[in-house]
Amino acid sequence: MTRFEVVRTGASASGAQPATPRNVPHRGGEANPSAKALQDKFSAAIKRVEVIWAETIVYVAPASAHEVIRWLHDDQSQQYDFLSDVTAVEYRDADVPIELVWQLRSLPYRRFLRIKAQLPKGMPLEIDSVWDIYKSADWLERECYDMFGIRFRGHPDLRRILMWEQYKEGYPLRKDFPLRGRFSRSEQLRQALAQNPEARYSMEELTIADAFAELPEDMRERLGKGERTGE
Amino acid sequence: MSKRTVEVELSTSGLDAQGRPQRIPLVTNDGGSAVALQPPPGLEPDLEGEHMLINIGPQHPATHGVLRLVLELDGETVVRCIPHIGYLHCGFEKIGEYRQYNQIVCWTDREDYLNSIGNNVAFALGAERLFGIEITERCKVLRVIASELSRIMSHLVWLGTFCIDIGAFTPFLWAFQRREEIYRLIEKWVGARLTTSATRVGGMAADIPSGWMDGLRQFIRTFPHTLDEIDRVLTRNAIWVGRTVGLGVMTPDEAINWGLSGPMLRASGVDYDVRKDFPYLDYETYDFEVPVGTNGDVYDRYLVRFEELRQSLRILQQAADRLPDGPVNIDDPRIILPPKSKATSEMESMIHHFKVVMEGPRPPIGESYVAVESPKGEKGYYMVSDGTAKPVRWRIRPPSFVNLAAIPKMVEGHLLSDVIAINASIDIVMGEIDR
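Going down the list, the protein sequences come from chains A and B. Position one of the first sequence corresponds to residue 16 (the numbering used here), numbered consecutively onward. Position one of the second sequence corresponds to residue 318 (the numbering used here), numbered consecutively onward.
So that you can see chain B by itself, here it is in the shape it has in the complex (with noise of 0.2 Å):
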């Protein structure tokens, strides 16, 4: 953990010589909050230990859900945190088996609801392995393309939830603005906003409609301008920056063992991603960097996710200009639904039609875990199979829900304030947590 200095804008009114806007470094301690904003030794009167109970949640809007925390607090300062979940709780893993794999899908969009296509699509890729089905290369594609629209979708509202808890209104707009123009897309593509169930079992619920891809060049062309925008409101910031360096540090061993994954391990500088390190749908082809943070604190958490969107536009493009022709569904009429007009004309498709509807494709004996690399992190799909139609157990390795367990250790010591911007940053999802 190394000092190191941020330049910070303190007033984009003043400009500097060279024409530019005056910049002020901003020395910061390993781990500890930016030099210049601590009050001075002596200020605060000792409180004599008259510690104070406070509750946070489970409605707040800064609590990103129905997630409450008990905090004790020393004077501003909290001394012990204790977070209590499970008042979204569902049980979708019991309900899982009593589901067919095909209808499980629409479970997944239910959990992590800012990534729902992500999630479908990391189901499918589960119970594909169960199955042992090769996806078309078409598929690959267009799941690449839905994952990465998903995870721009997810750190757009993490990015603009997070502004508006630590006090910035408008980022929130902008991204609020861009994320709803995927959701047209994805609206076009699937029928459904939110709650997309976009996949199945052997391939997509539906091929992309004809003029879809200018859609997506349009998005990707005009995207990065607005991420300009909001970098350049954000990353100087001298506000910004002085109420996120330094919070809520996690040193790479900390953040191993504690199982943090996703943008929150890749901000402590562990370079690990799903994507390139057990890759799925072909991610080693396309060509992607990981950002990786230096400090583990919530500032980096913020560079990293930020980053990590100019680079899902990469991929975005790269699977734009290679998205070949051909079906979209593998060729296997017990798993894969006939055509419509097939199934009302011919005899055998209409059987098809009724035994996949009906008794739902059988996997062999077996079980597989397959995890991708969600917004939030590894999220994996753990499914153990007797044979019959339902899973045994379905079960969701939950990325928020471990990333959150570790908040006690990120939020001791820190101001009652802090504990918004650092719970922020873990970019939780209730939904996924409770399950």
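For reference, chain A alone in the conformation it holds in the complex (with noise of 0.2 Å):
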């Protein structure tokens, strides 16, 4: 009887196997090869590498971010392959810039680097998007975007996620937004109230279908006009 079998155990990766780490320093310790290597390849962009807790910390140039990172995806001796996660940090203090953080690992190699920009407060958020390097970057800028309202250049469909699209408070994960909302209950309530309930497409979609005679008279008018957004 053939049964699915376990084809493999473990990682492919050769060399020693790695262990829970133990009594993790909380500044020093031994940086991921890789901190060297960008710093060798992209003097001018690597603004400083930290080790936090064992974990590498690269700060890169706004500018150069997406350079850097495709060099890691590409090169040989790197294969940062798999993106974990992209998001951002904005802190307490107001002065300190909006950091936006991508965590990468190499699979093959068995490496975990954070790759860090920072963007100045009072200039447009925006940079390059790596969603042509990895995939998975598409919805996790969406969110970034949705949440802190950096605009990622080059995605191709950078909509809000997780809040509606007629979301009108702002950014909610911004330290300017308050717990609560930016809006009171009543305003609310009553911005739940005026939406049209029959509009359940976004006008994308809606260019999929047949349907167009059959929209309610303001959708029909605002499709017209080459309008994308709404539902």
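Just so you know, the hints here were simulated from the structure itself, not pulled from any lab data. Cβ coordinates follow ideal geometry from the N, Cα and C atoms, glycine included. Careful: at least some of the hints might be erroneous.
[Unchecked claim] Straight line, CA to CA, 25 Å or less: simulated DMTMM-like cross-link-like pairs of lysine to aspartate or glutamate:
{"#": "1", "chain 1": "B", "residue 1": "K726", "chain 2": "A", "residue 2": "D89"}
{"#": "2", "chain 1": "B", "residue 1": "K411", "chain 2": "A", "residue 2": "E180"}
{"#": "3", "chain 1": "B", "residue 1": "K726", "chain 2": "A", "residue 2": "D143"}
{"#": "4", "chain 1": "B", "residue 1": "K726", "chain 2": "A", "residue 2": "D147"}
{"#": "5", "chain 1": "A", "residue 1": "K150", "chain 2": "B", "residue 2": "E729"}
{"#": "6", "chain 1": "A", "residue 1": "K136", "chain 2": "B", "residue 2": "E729"}
{"#": "7", "chain 1": "A", "residue 1": "K190", "chain 2": "B", "residue 2": "E414"}
{"#": "8", "chain 1": "B", "residue 1": "K726", "chain 2": "A", "residue 2": "D96"}
[Stated by the list, open to error] If you want the footprint, here are the derived chain A segments under chain B, 3+ residues with CB under 8 Å:
{"#": "9", "stretch": "37-44"}
{"#": "10", "stretch": "61-73"}
{"#": "11", "stretch": "94-108"}
{"#": "12", "stretch": "187-197"}
Each of the two chains sits in its own frame; use the hints to bring them together as a complex.
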């Protein structure tokens, strides 16, 4: 009887088996070898390298972030093929710039690297999308845009993802956004009641169907004007 | 991607010469659906590109929560899929910035609510890295038991609901019956079934009660029987194989590039498991294997998750055998609450109690990203501290969210009825996706 077989065990990477980290130092400790390689390769773009709790953080200039990540992904000695996460951090101190964070993993070399780019306040929050390198960045960048208002240049479909498309209160994870929301409860209720409950599809989706004639009048009008979003 | 043959039982009533049930091989092609199930060419009239818009969800049992899919159909074939999420968004990450670390534990139950105790463990590991704490040996083993029980619970829910989506009802009842036994164990341990909040920074909310291990051993002894039953009913069932083989195929390179993790990634043939590659809780000392698929289709995802159930049992057995005596919590009154009896009788303990509850433990300035292998994939908690008792940023890396992002790629070109099977194979939990 042929059962499903366990094909391989563990990771295919050669070398010593990894172990649970113990007695991790707060600062210092051994940096990821990729950080040194990055400093050699992009000396001007690498602002600084920190090792906190044994995790290596490389601060790069926002303009070169895409180039650096592209190299990390493509270079045979690095092979950071797995993008774990894209997110941003805003500090409570209003003068500290917003940080964009990419958590990268190299599955072949079993390495973990955090790339950070600092976006100063008072400038438009914009950075190049890494969607062309990692498809996983699609929704992660949309969420980052939704929550922080950071625009990713080159993202194919930068729409709000968790909040609805007409959400007008701003970007919820920014520190100037109050915990209870920016609008009063009565205003939120008024806006919810003013929604058109018939309009369940976005403009983009409606271009799919032959349902144009059955649409409510206001949606046909907006669709005719070429409006893309809106439920 | 190789051509392969899956032997299926078309009928269990007919026996072959050896007295075994008759088996008829079902040949499948690369990525395509089973050959025997494809309609002959020319049977369907050409619909001349009259596309149809269909809406599934958000309130639909087969979308496993409040997921909404807008599909563009050409006949019965999906041309385009546009997912909509966010119906369950509660702003967990925003609330976390206003809470002490031990208070955030309660929020981690509620995101991936099928794996609540596993999330508690994951969050505590992240916070302990941020605090620079080494937990006790007993606590490590207890957390491994908690994580693996949680993995079994989550996979059982997935298995049961997946069966229902495809049309098999019986395995659902078997799976949920056994899941109930685990819930009883969890309830005995922490007092709650679903919203466990079992961990604290530096330890656990409670040690296991006396006699608890007997219940666990009883479960480990009896559970393989249920697995064998479900295996017997599903793995070679012709309908099951026909509904799952060749659907939603992701090649290894695609799976990595789309950021899939957990069983989704391993079904595509990539042997990445956080427990093996970036171990935590001494997982490198446990003897277990990581099942890896070959075709990356819905059937392989089923096989991988099914084998993970058996492997989790192996880990549970080893953890039950090695559970050491000793304290569960670390010995640091700035972080861990003193026992209640001491807090009401000793001045110092009372002060510590007051300070831990009212001010909260403070980590040094820094940040940490700790990922664990949750049943859905790589679940990471990224925390940034500015030295106060509340994190500047608490980020959940949701595996379901990233896995679900690939659904348009997986369903396009398949039939409408297969969308349900593919969606079920991703094993999504909307609480985790919307947060």
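Next pair to validate is A:K136 with B:E729; report whether the Cα-Cα distance is within 25 Å.
violated, 41 Å
For a C-alpha distance cap of 25 Å, please report whether A:K150 and B:E729 respect it.
Distance of about 16 Å is within 25 Å: holds.
Compare the distance between the alpha carbons of B:K726 and A:D147 with 25 Å, and conclude whether the hinted pair is satisfied.
holds, 15 Å
Just to make sure I understand the rule, a stretch counts as covered if three or more of its residues have a C-beta closer than 8 Å to a C-beta of the chain. Does the stretch 187-197 of chain A meet that for chain B?
holds (count 4)
Are the Cα positions of A:K190 and B:E414 separated by 25 Å at most?
The given pair, whose Cα atoms are some 10 Å apart, holds under the 25 Å limit.
Within a Cα-Cα threshold of 25 Å, do B:K726 and A:D143 meet the stated pairing?
The hint holds at about 23 Å.
Taking beta carbons only, do three or more residues of the stretch 61-73 of chain A come closer than 8 Å to chain B?
It holds, with 4 qualifying residues against the three required.
Between B:K726 and A:D96, is the straight-line Cα distance small enough, at 25 Å or below?
holds, 19 Å
Pairwise hint evaluation, A:E180 against B:K411, where the allowed Cα distance is 25 Å at most:
Distance of about 20 Å is within 25 Å: holds.
Compare the distance between the alpha carbons of B:K726 and A:D89 with 25 Å, and conclude whether the hinted pair is satisfied.
holds, 23 Å
Is the listed coverage of the stretch 37-44 of chain A by chain B valid when you require three or more residues with a beta carbon under 8 Å from a beta carbon of that chain?
Our answer is that it holds, as 5 residues pass the Cβ test (under 8 Å) against chain B, meeting three.
Holds or violated: the stretch 94-108 of chain A covered by chain B, criterion of 3 or more residues with Cβ-Cβ distance under 8 Å?
holds (count 11)
In this structure, only the earlier hint numbered 6 is contradicted, and the remaining ones agree with it.
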